[in-house]
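Peer 1: Input sequences plus hints: build the corresponding full structure.
Chains as they are written, first to last, in my numbering: chain U, 523 to 955; chain C, 523 to 955; chain P, 523 to 955.
One or more hints might be untrue.
Sample of chain U residues at the chain C side, in silico, Cβ under 8 Å [as the list claims (entries may be wrong)]:
| no. | residue |
| --- | --- |
| 1 | Asp575 |
| 2 | Trp576 |
| 3 | Tyr643 |
| 4 | Ala645 |
| 5 | Arg778 |
| 6 | Leu805 |
| 7 | Arg812 |
| 8 | Ala816 |
| 9 | Pro817 |
I should point out that these hints are in silico values taken from the structure, not numbers from a laboratory. Just so it is clear, the structure is predicted and the values come from calculations on it, not from any experiment. Glycine included, each C-beta is placed from N, C-alpha and C at the ideal position.
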Amino acid sequence: MQPGQEMYDFAGKLFPIGRSLTGEGVRDSLNMIREQIPELAIKSVPSGTRVFDWTIPQEWEIREGYIEDEAGNRIADYHKNNLHVMGYSTAVDKYVSLEELLQYIKVEESQPEVIPYVTSYYAPRFAFCMSKNERDALKPGTYHMFIDSRHFDGVLNYGELLLPGRSDKEVLLSTYICHPSMANNELSGPVLVTWLVKWLKSLDRRLSYRIVIVPETIGSVTYLSRNLEQMKQKTIAGFVLTCVGDERAYSYLESRKGNTLADRVMQNVLGFAHPDYITYSYLERGSDERQYNAPGVDLPVCDFCRSKYGEYPEYHTSADDMTLITPQGLEDSLNVMKQVIMALEYNRFYRVTCLCEPQLGKRGLYPTESRKGIYHEVKKITNLIAYADGTEDLIQISSRIGVPVEELIPIVDKLCEAGLFEILDDNKSNTPQ
Amino acid sequence: MQPGQEMYDFAGKLFPIGRSLTGEGVRDSLNMIREQIPELAIKSVPSGTRVFDWTIPQEWEIREGYIEDEAGNRIADYHKNNLHVMGYSTAVDKYVSLEELLQYIKVEESQPEVIPYVTSYYAPRFAFCMSKNERDALKPGTYHMFIDSRHFDGVLNYGELLLPGRSDKEVLLSTYICHPSMANNELSGPVLVTWLVKWLKSLDRRLSYRIVIVPETIGSVTYLSRNLEQMKQKTIAGFVLTCVGDERAYSYLESRKGNTLADRVMQNVLGFAHPDYITYSYLERGSDERQYNAPGVDLPVCDFCRSKYGEYPEYHTSADDMTLITPQGLEDSLNVMKQVIMALEYNRFYRVTCLCEPQLGKRGLYPTESRKGIYHEVKKITNLIAYADGTEDLIQISSRIGVPVEELIPIVDKLCEAGLFEILDDNKSNTPQ
Amino acid sequence: MQPGQEMYDFAGKLFPIGRSLTGEGVRDSLNMIREQIPELAIKSVPSGTRVFDWTIPQEWEIREGYIEDEAGNRIADYHKNNLHVMGYSTAVDKYVSLEELLQYIKVEESQPEVIPYVTSYYAPRFAFCMSKNERDALKPGTYHMFIDSRHFDGVLNYGELLLPGRSDKEVLLSTYICHPSMANNELSGPVLVTWLVKWLKSLDRRLSYRIVIVPETIGSVTYLSRNLEQMKQKTIAGFVLTCVGDERAYSYLESRKGNTLADRVMQNVLGFAHPDYITYSYLERGSDERQYNAPGVDLPVCDFCRSKYGEYPEYHTSADDMTLITPQGLEDSLNVMKQVIMALEYNRFYRVTCLCEPQLGKRGLYPTESRKGIYHEVKKITNLIAYADGTEDLIQISSRIGVPVEELIPIVDKLCEAGLFEILDDNKSNTPQ
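Peer 2: See the structure below:
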C-alpha cells in the first residue's frame with residue numbers, strides 16, 4: 523500500500539474521536555499514535571499548574587449533549603457530530619421556549635449548511651452549534667436543552683519523542699491534537715508527523731529530532747515551560763505541521779524573524795518543487811508558531827501547510843471532513859518534509875580544498891573534449907564549487923545557483939570522496955540565517 | 523474659532539511685511555510671533571561675524587523703490603508689492619532710456635502675469651522685478667529709476683525656544699523667516715511652528731523641543747555655529763517645516779542618510795494618514811535641511827511640506843499669496859505634525875514581560891468565545907505583543923504590523939498598566955534608525 | 523590614423539597565427555605584442571610543472587593536417603584554416619573508409635556553414651573539424667587522414683607587465699591568447715590591452731597596473747600560482763577583457779561577490795555611457811574570471827565584453843573572423859576602459875573641510891543672483907559636496923547623485939585646489955566595496 527493511503531486510513535480511524543484541550547479524546551488519540559510509533563512518550567501535567575502566564579485548565583468530560591423538541595426529536599446530538607456541543611460547555615438540563623433556545627445556538631451565517639466549530643475554554647458557558655438551515659427550520663415550542671458534562675481537576679496530556687542523531691543539534695517537528703472531528707485542520711498534522719517519524723527512524727541521522735504533539739496553544743506553552751532552555755540551545759530549525767492533507771495549495775508561514783534556517787529551507791524546497799507555493803507573513807499566524815516565536819522564546823520555527831488554517835472555506839466547520847483530505851495530498855506533504863529534512867541533513871559549510879578551479883577532467887567530472895556549449899553542461903558542478911568558500915551553507919548555494927539540494931547531494935558526496943570538499947566547523951551551521 | 527482659521531489670520535497679518543535676511547522686517551515678524559508665544563527668545567548676531575565658511579551680511583534698509591515714467595506714473599513700486607525691488611538692491615537715482623531700463627528689469631518669461639522673487643545677497647547690484655506683461659507694455663521714453671536703500675553694519679536676528687521635557691533628548695522644529703510677501707513659501711512655516719508650540723506647551727512632554735526660526739541658509743548656518751555640539755548630543759529627530767499651507771499635496775524630503783528616526787516617523791505617519799504623499803530625495807533639497815544634514819553636522823533632519831518649494835507654479839512669485847494657502851491646509855499640516863510628535867513621544871523599545879503569549883482573555887483583552895475569524899479581530903494587540911521583543915521601536919512595529927501609532931498608543935498604555943510591557947533603557951531610542 | 527583602425531590592423535596581423543595553449547603560436551603572438559609595448563616580459567614555465575590542482579601540459583606542434591580523397595583533393599586542410607584540425611590532436615596517417623572517417627569529423631549541426639572550434643587538451647585523440655555542409659557532401663570511398671603533429675616537453679608562455687604608479691595598489695588587466703584564428707573571442711582582448719597600455723604609459727598614474735596575457739584557464743591558474751600573495755595584497759580591481767571588438771552590445775559579467783570595486787566602477791561607467799548594457803551573473807562566467815574569483819583566490823575581478831562569449835552565434839566557429847570586429851567596436855571598448863581607469867584613478871574618499879555648506883558664491887562657484895531654478899543649475903557641485911563626508915568613495919557618490927565620474931573630475935580638482943576637499947587616508951579605498 524502507498525504511504526498516502528495508509529496515512530489517510532489512519533486519519534479515518536482518529537476522525538470520530540471527541541477531542542478537546544484535555545481529556546479522554548486526547549489520550550485515546552495519543553495512544554493510537556503510539557501504536558504506530560511505540561517510542562512516543564505520553565506526558566501528563568496536572569490541572570492548575572502554572573505555565574508561564576497561563577494555567578492548565580480542568581479536564582472536560584462530556585457523555586451526552588442534545589436538544590429535544592416536544593415530539594422527542596433530538597437535534598444537535600453530540601453523538602451524531604461532536605461539533606454540535608460547543609467545546610468545553612458546562613452542563614445544562616432545562617426546558618426553554620424557542621426564543622430562549624436561540625440564544626444558545628451558534629451558526630455560521632455565511633455558510634448555511636455547515637456546523638461551526640466553537641469553543642469557550644476560558645469562560646464557563648454552554649451552547650449548541652448547528653447549521654444555519656437547521657436552526658432556521660426550528661418551529662416555536664418548548665425545547666429541552668441537555669448537556670451531561672463536567673469539569674474536574676485532571677491532567678493535560680501531550681506526546682513527545684526525541685530521535686537522537688550524531689549531532690545534538692535538533693530539528694523540531696510540532697503538531698497539535700485538540701480539535702474534535704475535523705480532518706485537514708487537525709488530523710493531517712499528527713498523521714504526517716507519525717509517518718515522518720517512521721521514515722526518520724530508518725535514516726542515518728546527522729541531526730536529532732524533537733517531535734511534539736500537543737493541544738494547541740496551552741499545549742505548546744506547557745511544553746515550552748518545561749523544555750525551553752534545552753530547545754534554545756539545540757534547535758536549528760522547527761516546523762509546525764498543520765492543515766497538510768488537501769491538494770489545493772502549498773503554503774509556508776514565515777517565522778517571526780523571517781530569515782531563519784527554517785524559513786530558508788522551506789523557501790528553498792518549495793521554491794524548486796512547488797514554485798507556486800503561497801507565502802504567509804508572520805502577521806497571518808494562528809497556530810503554535812505563536813508560542814515558539816514569542817519574544818524571549820525566539821525559536822526558528824515556521825509553518826508548513828497545504829490550504830492554511832483560516833484560508834479555506836471548510837476551516838473550523840463540519841465540512842472539514844475526510845472528503846477534504848486525500849491520500850495524495852498527505853503523501854505529497856510527506857515528500858516535501860522528507861526533502862526539507864534531507865536538505866537540513868546535508869546543510870553544511872563546504873569549502874573547496876584547492877586554489878583556483880580543480881581540474882575536474884582528470885577525475886572524470888568534466889568532458890575531455892571542449893566545444894561550444896560544453897561548459898554549460900557541467901555548470902551544476904562548477905557553480906557548486908565556485909561558491910563553496912565556506913561562507914554560505916548548502917541551502918544558500920542551492921538557492922543562489924538555482925539547483926535543488928536533492929540534485930546537489932550526490933555531487934557533494936562525490937566531491938567529499940575526491941577530497942575536493944572539506945566540511946567546516948559545524949558550529950557555523952547553528953547560525954540561524 | 524478653528525485653529526486653521528486662527529493660523530490663516532495670523533499669516534495674513536505677517537504677509538505685508540518686507541522681510542529680507544536681516545533688518546526690521548525680520549524683527550517685526552519675530553516680535554509678532556513672540557506675542558503668540560511669549561517664551562520665544564529673539565537673538566542678534568553682529569554683521570561681519572564669521573559663521574563657519576560664511577560671514578553675517580550687513581543689514582539692508584529700504585524706504586522707497588520705484589520706476590517713474592515721463593508722465594510721473596510709478597511703475598514697480600515697492601510700496602505696492604515688495605517683490606518689485608530685487609532683494610538687497612543697492613540704491614539708485616538715475617534717469618535712463620527704456621533700452622537701459624530693460625537691463626535692470628527681471629521678469630519670469632514663462633509666467634507673464636507674475637512678479638518674480640529675485641535676490642542678490644552676495645554681489646552688490648540693483649534691479650526691479652515685474653510681470654512680463656507689464657514690462658512688455660513699457661513704451662520708449664525716459665524713466666527715473668529710484669531706490670532709497672542702504673546697507674550698514676547691524677545684526678542678524680533669529681528666534682529660539684527650548685521646551686524642556688522629562689528627557690533631554692530633543693526634537694528640532696526649524697522654519698525660516700526671510701522672504702517678503704509670500705504665503706506658502708514663507709509664512710506657512712512660522713505659523714505652523716507657532717501653533718505647534720502652543721499645543722506643545724500643554725503637552726506632558728517626555729521629550730524636549732528646540733524651536734528655531736531663522737533667515738534661510740545664513741540663519742541656520744549661524745544657529746549651528748553656536749549650538750552644534752549640544753544639538754549633536756541631544757537631537758533624535760528634526761524637521762524643517764516649509765510650504766505647509768496649501769491643500770494640493772503632502773510631501774516629505776528625505777534626510778541625507780534617508781533612514782533616520784525623522785525619516786521613519788514621517789514615512790510612518792504620512793504613510794497611514796496620507797498614503798498618496800510624495801517622497802523627495804535629498805538630491806531635491808533646497809532649504810535649511812542642507813545645513814542640518816551637511817557632512818560633520820549630520821543631524822537627523824528631514825522636511826515636511828505640502829506642495830514643496832520649487833514644485834508648484836506660484837513658487838517664488840507674487841502668485842504665492844494668501845489665496846494659495848487655506849485654513850484647512852494649515853490645520854491639516856498641524857495635525858500631521860501633532861501625530862508625528864505623539865509618535866515620537868511614545869516611541870520606545872517595549873518588551874513583553876512574560877514568555878510565550880500572555881493570556882489576554884483573563885485580562886479582558888481577548889474574546890472568551892473562540893470561533894472562526896476571532897483571532898483576526900484581536901490582531902492589533904497580538905501583533906503588537908509579538909514584535910515587542912525590545913529590538914524594534916514602536917514606529918518600526920507600527921510600520922511592520924500595519925497599524926498607525928495613534929491606534930497603538932491606547933493599547934501600549936493598557937499593556938504597561940497590566941505589567942505586560944516594560945520599557946527598555948531609553949538610550950536605545952537615541953539610535954537614529 | 524584613428525586608434526580603432528590601428529587596433530583593427532594589428533588584430534589582422536595576429537589573426538592567421540595557429541595558437542594553442544602552448545607552442546610557437548603563442549610565442550609569435552606575444553612577440554608581436556612586445557613590438558608594440560616593449561616593456562612586456564614573456565615568461566616560460568616548463569611542461570609538467572604542478573600549478574595548484576593542474577599540471578602544465580606538453581607543447582603541441584603541428585606542421586600539417588588534412589584529409590585526402592582518392593582523387594588527391596585535400597579536405598579540411600590545416601593550412602587553409604587552422605580550425606580544421608581539432609586543437610591538440612595527436613598524429614595520424616591512416617587510410618579509412620568514409621564510414622570510419624566520419625567518426626573523426628566534428629561539425630556544428632545547427633550551423634551548417636561554419637567550422638566549429640574544438641579542442642581535446644586533456645585526453646589524447648585526434649579529429650578534423652569542418653562545416654556540416656562539407657561533411658554531408660563527402661562521398662563513399664577511401665580517405666587519407668593525415669596529421670603531422672607531436673607533443674613534447676616544452677614550456678607554457680605568458681606575457682606580463684607591471685606599470686608602477688604613485689601607490690602600489692594595483693589594477694589587474696587580464697586577457698588570453700590561446701585560440702587559433704578567431705577575432706572577437708581571441709584577438710580583440712590582447713589588442714585592447716595593448717592599446718590601453720600605450721595610453722597608460724603616458725598617464726600620470728596614481729595606481730599601478732598589472733597586465734597579464736595568458737593562455738586561458740591553465741595560464742591564469744599558472745599565473746596565480748606564482749603571484750597570488752602579491753595580487754591579494756595589492757589588487758583593488760581587475761578586469762578580464764574578452765570579446766571586446768564587435769559593435770552589437772556592451773556587457774559586464776559580475777565578480778563572484780558581485781559588489782567589488784571592479785563591479786561598481788564597471789556598473790557606473792557603463793550605466794552612464796551605455797545604459798542599455800547587459801549584466802551577466804557570475805553563474806554565466808566562462809573565462810579567466812573563474813580562476814581570479816575562485817574561493818581562496820578571491821580577487822575582485824569582473825569581465826568587460828561587447829557580445830559576450832557563448833552569447834553570439836559566431837562564437838567558437840570560423841565565423842568569428844575579421845568581419846565580426848570593427849575599428850569602431852575596438853575603439854569604443856578602449857574608451858570605456860579609459861573611463862573605467864580614470865574613475866579608479868580619482869576614486870578616493872573626499873571630505874569637505876568646513877561645517878555646513880561652503881559659501882560657493884565668494885569662490886565663483888555659485889551664481890550671485892538667486893532666482894527660481896538657480897539652485898538646480900549648481901546641483902552637480904552641491905550634491906557632490908553634500909555627500910563628501912568621507913564615507914562613500916567618488917564612484918558611490920557619482921552613482922548616488924547621477925553624475926558621471928568624468929564630469930565630477932574637474933569639480934573635484936577645483937574643490938581640492940580651493941581647500942574645500944581633503945582626501946582621506948588611502949587605506950580606505952582598498953576596501954573592495
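Peer 1: Which of the stated hints cannot be reconciled with the structure, identified by number in ascending sequence?
Peer 2: Violated: none.
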